[in-house]
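Please assemble the complex out of the two chains, which come individually in their own frames, going by the hints.
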Amino acid sequence: MNRIILIGNGMVGYKFCEKLIAHPKRNQYDLLVFGEEIRPAYDRVHLSEYFSLQSPDELLLASRNWYQENGITLRTSELISWIDFENKKVLTHKGESFDYDYLVLATGSSPFIPPIKGVEKAGIFIYRTIEDLESIQNYADKLKAKGRFQAAVLGGGLLGLEAANASKELGMTTHVIEFAPRLMPRQLDQNGSDLLQSKIENMGIKIHLGKNSKEIVGEGKVERIDFTDGTSLPVDMIIISAGIRPRDEVAKNSGIAVGERGGVLVNNKMETSIPGIYAIGEVALYNQNIYGLVAPGYEMAGVALDQILGGTKLMSPSIDMSTQLKLVGTEVASFGDPFIEGESAIPIRYENKQRGIYKRINISKDGSKLLGGILVGDSADYNALFQLYINEMKLPENAEDLILGQRGSGSKSLLGSVLDLPDSAQICSCESVNKGSICEALKSGACTDLKGVIQQTKASTCCGGCKPMVVDLVKETMKSLGKEVKETICEHFEYSRQELFDLVKLNNTSGYNEALDQFGKGHGCEICKPVMASIFASIFMETANKQIAIQDSNDRFLANIQRNGTYSVVPRVPGGEITPEKLVVLGQVARKYDLYTKITGGQRIDLFGAKLNELPLIWKELIDAGFESGHAYGKSLRTVKSCVGSTWCRFGMHDSVSFAIRIEERYKGLRSPHKLKGGVSGCIRECAEARSKDFGVIAVEGGWNLYVCGNGGANPKHAILLASQLDDDTCIKYLDRFLIYYIRTAGPLIRTSTWLEKLEGGIEYLRKVVVEDCLGMAEEFENDMDGLVEKYTCEWKEAIENPETLKRFKPFVNSEESDDQLVFVPLREQKMPRPW
Amino acid sequence: MVTPNLAPMEEIVSLYQTVQFSEVISWIKVGTVTDFPENAGACIKHNSRQIAVYHFTRTQKWYACQNLCPHKMEMVLSRGLIGDMSGVPKLACPMHKKTFSLEDGSNLNGEDYSIATYPVKIEDGIVYIGFAE
Ligand code: SRM
Ligand SMILES: Cc1cc2nc3c(=O)[nH]c(=O)nc-3n(C[C@H](O)[C@H](O)[C@H](O)COP(=O)(O)OP(=O)(O)OC[C@H]3O[C@@H](n4cnc5c(N)ncnc54)[C@H](O)[C@@H]3O)c2cc1C
Ligand code: SF4
Ligand code: FES
Numbered sequence: 001m002n003r004i005i006l007i008g009n010g011m012v013g014y015k016f017c018e019k020l021i022a023h024p025k026r027n028q029y030d031l032l033v034f035g036e037e038i039r040p041a042y043d044r045v046h047l048s049e050y051f052s053l054q055s056p057d058e059l060l061l062a063s064r065n066w067y068q069e070n071g072i073t074l075r076t077s078e079l080i081s082w083i084d085f086e087n088k089k090v091l092t093h094k095g096e097s098f099d100y101d102y103l104v105l106a107t108g109s110s111p112f113i114p115p116i117k118g119v120e121k122a123g124i125f126i127y128r129t130i131e132d133l134e135s136i137q138n139y140a141d142k143l144k145a146k147g148r149f150q151a152a153v154l155g156g157g158l159l160g161l162e163a164a165n166a167s168k169e170l171g172m173t174t175h176v177i178e179f180a181p182r183l184m185p186r187q188l189d190q191n192g193s194d195l196l197q198s199k200i201e202n203m204g205i206k207i208h209l210g211k212n213s214k215e216i217v218g219e220g221k222v223e224r225i226d227f228t229d230g231t232s233l234p235v236d237m238i239i240i241s242a243g244i245r246p247r248d249e250v251a252k253n254s255g256i257a258v259g260e261r262g263g264v265l266v267n268n269k270m271e272t273s274i275p276g277i278y279a280i281g282e283v284a285l286y287n288q289n290i291y292g293l294v295a296p297g298y299e300m301a302g303v304a305l306d307q308i309l310g311g312t313k314l315m316s317p318s319i320d321m322s323t324q325l326k327l328v329g330t331e332v333a334s335f336g337d338p339f340i341e342g343e344s345a346i347p348i349r350y351e352n353k354q355r356g357i358y359k360r361i362n363i364s365k366d367g368s369k370l371l372g373g374i375l376v377g378d379s380a381d382y383n384a385l386f387q388l389y390i391n392e393m394k395l396p397e398n399a400e401d402l403i404l405g406q407r408g409s410g411s412k413s414l415l416g417s418v419l420d421l422p423d424s425a426q427i428c429s430c431e432s433v434n435k436g437s438i439c440e441a442l443k444s445g446a447c448t449d450l451k452g453v454i455q456q457t458k459a460s461t462c463c464g465g466c467k468p469m470v471v472d473l474v475k476e477t478m479k480s481l482g483k484e485v486k487e488t489i490c491e492h493f494e495y496s497r498q499e500l501f502d503l504v505k506l507n508n509t510s511g512y513n514e515a516l517d518q519f520g521k522g523h524g525c526e527i528c529k530p531v532m533a534s535i536f537a538s539i540f541m542e543t544a545n546k547q548i549a550i551q552d553s554n555d556r557f558l559a560n561i562q563r564n565g566t567y568s569v570v571p572r573v574p575g576g577e578i579t580p581e582k583l584v585v586l587g588q589v590a591r592k593y594d595l596y597t598k599i600t601g602g603q604r605i606d607l608f609g610a611k612l613n614e615l616p617l618i619w620k621e622l623i624d625a626g627f628e629s630g631h632a633y634g635k636s637l638r639t640v641k642s643c644v645g646s647t648w649c650r651f652g653m654h655d656s657v658s659f660a661i662r663i664e665e666r667y668k669g670l671r672s673p674h675k676l677k678g679g680v681s682g683c684i685r686e687c688a689e690a691r692s693k694d695f696g697v698i699a700v701e702g703g704w705n706l707y708v709c710g711n712g713g714a715n716p717k718h719a720i721l722l723a724s725q726l727d728d729d730t731c732i733k734y735l736d737r738f739l740i741y742y743i744r745t746a747g748p749l750i751r752t753s754t755w756l757e758k759l760e761g762g763i764e765y766l767r768k769v770v771v772e773d774c775l776g777m778a779e780e781f782e783n784d785m786d787g788l789v790e791k792y793t794c795e796w797k798e799a800i801e802n803p804e805t806l807k808r809f810k811p812f813v814n815s816e817e818s819d820d821q822l823v824f825v826p827l828r829e830q831k832m833p834r835p836w
Numbered sequence: 001m002v003t004p005n006l007a008p009m010e011e012i013v014s015l016y017q018t019v020q021f022s023e024v025i026s027w028i029k030v031g032t033v034t035d036f037p038e039n040a041g042a043c044i045k046h047n048s049r050q051i052a053v054y055h056f057t058r059t060q061k062w063y064a065c066q067n068l069c070p071h072k073m074e075m076v077l078s079r080g081l082i083g084d085m086s087g088v089p090k091l092a093c094p095m096h097k098k099t100f101s102l103e104d105g106s107n108l109n110g111e112d113y114s115i116a117t118y119p120v121k122i123e124d125g126i127v128y129i130g131f132a133e
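Respectively, the protein sequence lines represent chains A and B.
Anchor point for the first sequence: position 770 equals 770 in the UniProt record's numbering, and the numbering is continuous, going up by one each time.
Anchor point for the second sequence: position 102 equals 102 in the UniProt record's numbering, and the numbering is continuous, going up by one each time.
Chain B extracted, bound-state conformation (with noise of 0.2 Å):
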């Protein structure tokens, strides 16, 4: 059996910190726009974080957030169902269904945890995150 010397739970989340499109340092290349689902999301991994991007092709619209939920601390957010609740972007968590809006992390639900997004934007079928190191 192998079990990965993690870091400790605060340290983990504290790798997930929203950035706004005004902060991003660095655009990482993540993938073309085929390799994405549509109207669902996918994970990827930049470095030690693990991002959940998830392309709402009804809107034309990308999102990225962090992959752990802040409920129980799993990675798993990429694999939950997206939508909208009277018109804001949301994604419900595939464990607890808790769910939180794509535009700024909130929790859905009023309950105190929330998550970190980030800026996605595609050029030329390129995805990109953008990053504030």
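Next comes chain A alone, as it looks inside the complex (with noise of 0.2 Å):
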């Protein structure tokens, strides 16, 4: 038996351990790991969701007992201090040797701390590890309780953004630092820079370029830093984040070769300068290099084990540095050499400053292959781009189509079909994954999905990037294979939610179990029961009284359930119209249940802290002061937001606040794929926000403009303009029409901007259904929209009305008691539930 020793469990080591237990030969080889942290191997790249996390446990890469499992040695908490490679022993910090055959270095790096004068005060914190995160957020939090919020972040790279980002998050005043004159400046232009900085800026971050710090002042901690332009900054705590430095300090004294800044230096075997030593991840320096990608570390554990396995895997010679940044709200993405130009390249550059979108692609001088590029604002090609950049596939011949191309056109457009990728093309960077074993493990009858395949081949479990992708390959190849892929809706039901609607439909279907028992197999489950519902409301009209037990569990309870179980109540009022009487009665029921109370972004006024118990009671104070239901809890219409109009205001052109009521009233209770939401404003100021909400309706000269399938959430799109100059009826009838066309096409959870932009033929295709008639549906679709608006009921009436019905709202069956476990603690004048 051989012995490895492996020096460091962080990722790029636990990618080695995993390659081991797989390897034929894995049985003539002992491992034994080293960690010097307190934890298993856990996913650094997921590090910043550290702070939404309830254990740490979950970045785990495998758990302990993982490594018992596969018979693998981990000795955590144990720093190797000693290699003495010519008895090939190591010796820990505590004063253990240990023999080995061959020896792996994965120490990884550290943060680099620049030498600046004051860097070692209370308050400079690093951005590395679990331990770091839990510091920056403790130090946060007793500064917040001082009343003190400003915190910067050193450095505007990659790492730096997400750290900043991560420090907003907490709550903290945030400002980025950066010493050269743009962000991001290994993977952006000035131009891609500058755009990124004004949406960062607009998510509340300071940006302050070209700075150079000179000293941190502060008595003991972090008052201020000073810079060498003579100006300074008034902060509470710092983050650094100014590059990595390898951690090659045992290596260097135990007397292997490192590089002249740093790093063990390898060959492309991996091995180091001493034999059977290898080192791989970020300690590496490989083609003079340090990369602090995961991607490069998990082919150099492949490499080095292959190696010791007595393999001929070798490195490749060029390493690929692409990255996305990931941060919710910004896309940006760089691959290949996104500066490149001048004798061997031309760029193409698009800039769209009113829509914050910039892209940059940067072309061999014959047109014929890619080499690099940016994207800023909009990055839903970057699979496609990164795809023809690696496998220098050959270009179209206007090339510049590659960035002015349809916007969400995803990778079919750009390359054709993705089955016409070579089948050594890497889609999964980070598992090195590529195309043909996607295809393979489908075509060999291994997979049968999606599912399947990532679970097979790992692809996309790590940084998710290439999901998309991975996805369009399954769907294609299956397709290829003349299986047909359907968008089934779980394991209960094999048809798409249309076709279930369609059946239900036909077949007069009453009830969930009767719909099982009839197209259905096994007892159903938290999908398919909701969606069911859904169908059940859309097409009977019936409430979610009628089938409790499917309702999505806000729906059972008529209220959306809050962070301690206690429930929200919010009453309807029809375009934010409410008069002084109704707002004491919701004055005087919030301070009798002693409820929090808030004006939410919809126009209306929530009532949050309601115990399950008490929901009747409220909801009968309510309804009998003349308030319904707002179903704030439901897929279903939530507010038609209005502006005041021209009752009021001076540059009103029609009465959007009637409208709008006139409209909410209509479909008020209406169940849909996924909620819907309405506004109307009174002049093309838009005051309403009309053109963020599923449906807008905008007064111009000669009556309102229609627009459609906007949303707000975290993928913002403008509702589109659907007709115009409609006269009051005429809207309505559209709006008939394009909402149940909706309702009965749409899949589950599907918003109407994402439905439309799956519908074959977009906005014009929509507007020839709704405007021109071209399925001849448009009366059904109407005398459908009528009968559902006849049958409406408030629910929440209809509940306090039946004892039957109200006996969900016990807390417990066997007593009369109510949950004594619900905690609040105070907020300015009002309370909340206690953090988690």
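Bear in mind the hints are in silico, worked out from the structure with no lab data behind them.
Mixed in with the good hints, there may be bad ones.
Derived lysine to aspartate or glutamate pairs resembling EDC-like cross-links, with alpha carbons at most 20 Å apart [unchecked claim]:
#	chain 1	residue 1	chain 2	residue 2
1	A	Lys-807	B	Glu-38
2	A	Lys-458	B	Glu-111
3	B	Lys-98	A	Glu-772
4	B	Lys-45	A	Glu-816
5	B	Lys-61	A	Asp-517
6	B	Lys-97	A	Glu-491
7	B	Lys-72	A	Glu-816
8	A	Lys-521	B	Glu-38
And the structure:
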């Protein structure tokens, strides 16, 4: 038996373990792993998620048991302090020594701390380990309690921006300080950086470029940073993210060759200057470079393992450093050589300041190849462009189409079909999975669906950036094998939502159990039950009181569950118009039941913190005062937001409030695949933000313009003009048709904007259906809607009038007590649930 | 505002340990069959414990587990949707839809935490939950 010792149990070290146990020669080797950190290897790439996790253990790449079960000895909290290569031994910091036959260094790197005066003060942190984040959080909490909120991140690179976002999420006012004249200087050019800067500033983070820090000032702790240009910035804490330094200290002290600026020198076999000793990951200096990404590290792990086990695998001569930034709300990607121009390359740039998009691709002089590029604001085509670049594929005649083509056209239009990629095309660079192995997994019959392919090949399990491409590949391969890829709901129904909708309508199926018996199998689950509930509601206008057991939990209790298991109460306030009398009632009820009150973003009032058993009591009082359910809990019509319009506003062209109320009254209670929101503005100043809604109506000369398929949320989209200068009734008619068409055909939890994106023919086709009636179904759609409107009942009224349905609001079947585990803490003059 | 004096979280969590049928020492009567909703859950209280009870009417089976979701430590599991995964009866927490097997309490999303389950028996239309003390 040969013994391998691995120093370092980080991401790359872990990958080495994983690759060893999958190897046929595994049984001839014994693996002993030393890790300095207290935990087994965890996912550093998703480190920032630490703040939103219940336990840091959720970040572990594998549990401690996994090592044991696979015959690997793991010793955490142990540092190797000396390598005696002549006698093939390592020494731990506790003085114990261990023999090896092969040694692998995977000691990673540590953040570089620039030699600024005062850098040792309290309140200065780095961003690398779980413990670092823990201390950042604790320190920030203490600062906030003292009313101090200023944080700075030194370094405006990929990691610095991630740290800045985390600091902002912690509630700190955050500044990014960058020495270079632009953000992400290694990945972006000036234009790209300018755009990214404005996006990040919009997120509330302040950016200071071209700043050289001279001294960190403060008594014992950080109070201020002084810059060389004479300016300064008062701050209460600092996170340093100024690059990385390989952790080569053991190697260096023990006489293994390191580079001039650090890093253990390796050849393309990952061998160091000493035979039998290898280095992989961020500690390895290969081609005179340190690679601060997981993908090259994983490749190195594969090469070193293969070499040790007698193979001949070599490291690729050139390493790809393409990256995407992982900040919600900012799409940024950079691939290949982002800057190249001059003799050998021609850059093509596209910039749309209004839409916040900048794209640049660098094309070889002869126009045949893609050499690199930058995408800011819209990186939807990153995967496709990356494939063109990495596989050196021939470009289309007009290379500019690559960035000027239609948005959201995805991989298909750019690459022809994903199936045209060569088998060797690397799809997932983290796990190094190529197109061939994905297709083979399906062709060989080993896998039959996306889930299987991901499980077997591990593609898209690391950073997830390649997921859209993997999905496409699986779809297209299945199609080429003659297998229809059905978008089925779940294991219980092998139908799409649209098919189920038609089945229920055709068979006049009356309930979920019947549907399961007729066209499903098994006993249902949390996915198909709410989908079916929505279908029953959309066809028969049945309220959530009818089939209680299949409602999503919020619909079952006709209220939104909150962090501590209490509920919120949101009565409908059509168009945002409310009488003083009703406002008084809301205040009285909230006071009586001690509810936290807040004006919502949807122009109504939310009362939070109601206990399950209080819900019917509260609603009884509200209904007696003339309120109705606001359906804030349902996938159904929420609000039709309105500006004040021509009744009061000096610019108003039409009476937007009256029209908004008419629309909201018409569609209230309407259940749909996802929630529905509307807006009506009295003129083009658009104070109702109607174009960020599923349907928006804006007053213009001669009538209303009707816009559809917009939304806010994580992927904001402006609604698109469907028809203009409509009178009230025509507008309603078109809305009826549009809504029923959407309700019948959209997939579960698909908002109108995503639905439109997938609708073949796009807005032009939708216009044909709604305005020109190309399907000949307009009348049917309108009748359907009339039928639904007629059947509307307030489901809260229904609930409180029926003692049987009221049973569900009893906290305990066997006791009259209410839940005594609920904890609230004070918040300004109100209260909130205790923090998680 | 009432802020009850609660036991520390570890103590609350340690209240819930899976009880096997063979380990039951006392069967506690918690209601009649019709007190519980069909194909859904409801909660019962026994001393300091909250137990979620589910009636799978389609298979005529009953299951019980802790009402405390181990994800964010909230007393909410009885309010979640139930169903099956390849035949294994399961429940989805109403907060973030983490799913658990009702047979052995294991986490079906591959995460580390799991829940404690309790035996249920029905005699003459009365529902009993088994405890090990
Ligand atoms: C209360 C409120 C925030 C506030 O205090 O202002 C709110 C609260 C919630 N929103 Fe919202 N949203 C609220 C207005 C909005 C708005 C603004 C608006 O309606 O004009 C938006 C952006 C517009 C839009 O929907 O496109 C908004 C976009 C979202 C999204 C993202 C939707 C998307 O398509 O991306 C979600 C998540 C989802 O639905 O999947 C969400 C989900 C939620 C949930 C349901 C999250 C949850 O599952 O618990 C919150 C429930 C709170 C509760 O219990 O009542 N909320 N949410 C607002 C209630 C409005 C109302 O009167 O009904
Ligand atoms: C916040 C953050 C976000 C990131 N995002 C991305 C991303 O989106 N994409 C990407 O590709 N990369 C990203 N990275 C980089 C990625 O995490 C690293 O490239 C990867 O972790 C390197 O793996 P490694 O095993 O070489 O080093 P590490 O993961 O650092 O592991 C080295 C381990 O060795 C231990 N060790 C060191 N010396 C000794 C010793 N003498 N004895 C015992 N143990 C020792 C260390 O304590 C450490 O646990 C990110 C990094 C961070 C910090
Ligand atoms: S944005 Fe909406 S979903 Fe997110 S925390 Fe605020 S209310 Fe909740
Ligand atoms: S609290 Fe149960 S899943 Fe999050």
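We went through each hint and held it up to the structure:
Annotation: proposed proximity of Lys-807/A to Glu-38/B holds, straight-line Cα distance about 12 Å (limit 20 Å). Proposed proximity of Lys-458/A and Glu-111/B is supported: the alpha carbons are some 18 Å apart, at most 20 Å. Straight-line distance between C-alpha atoms of Lys-98/B and Glu-772/A comes to about 46 Å, which puts the hinted pair past the 20 Å bound. For a cut-off of 20 Å, the pair hint linking Lys-45/B to Glu-816/A stands: about 10 Å separates their Cα positions.
For the proposed pair Lys-61/B and Asp-517/A, the alpha carbon gap of about 18 Å is at most 20 Å, so the pair holds. About 17 Å separates the Cα atoms of Lys-97/B and Glu-491/A, which keeps this hinted pair within 20 Å; it holds. Annotation: proposed proximity of Lys-72/B to Glu-816/A is violated, straight-line Cα distance about 26 Å (limit 20 Å). Restraint check for Lys-521/A and Glu-38/B: the C-alpha separation of about 18 Å stays at or below 20 Å, so the hint holds.
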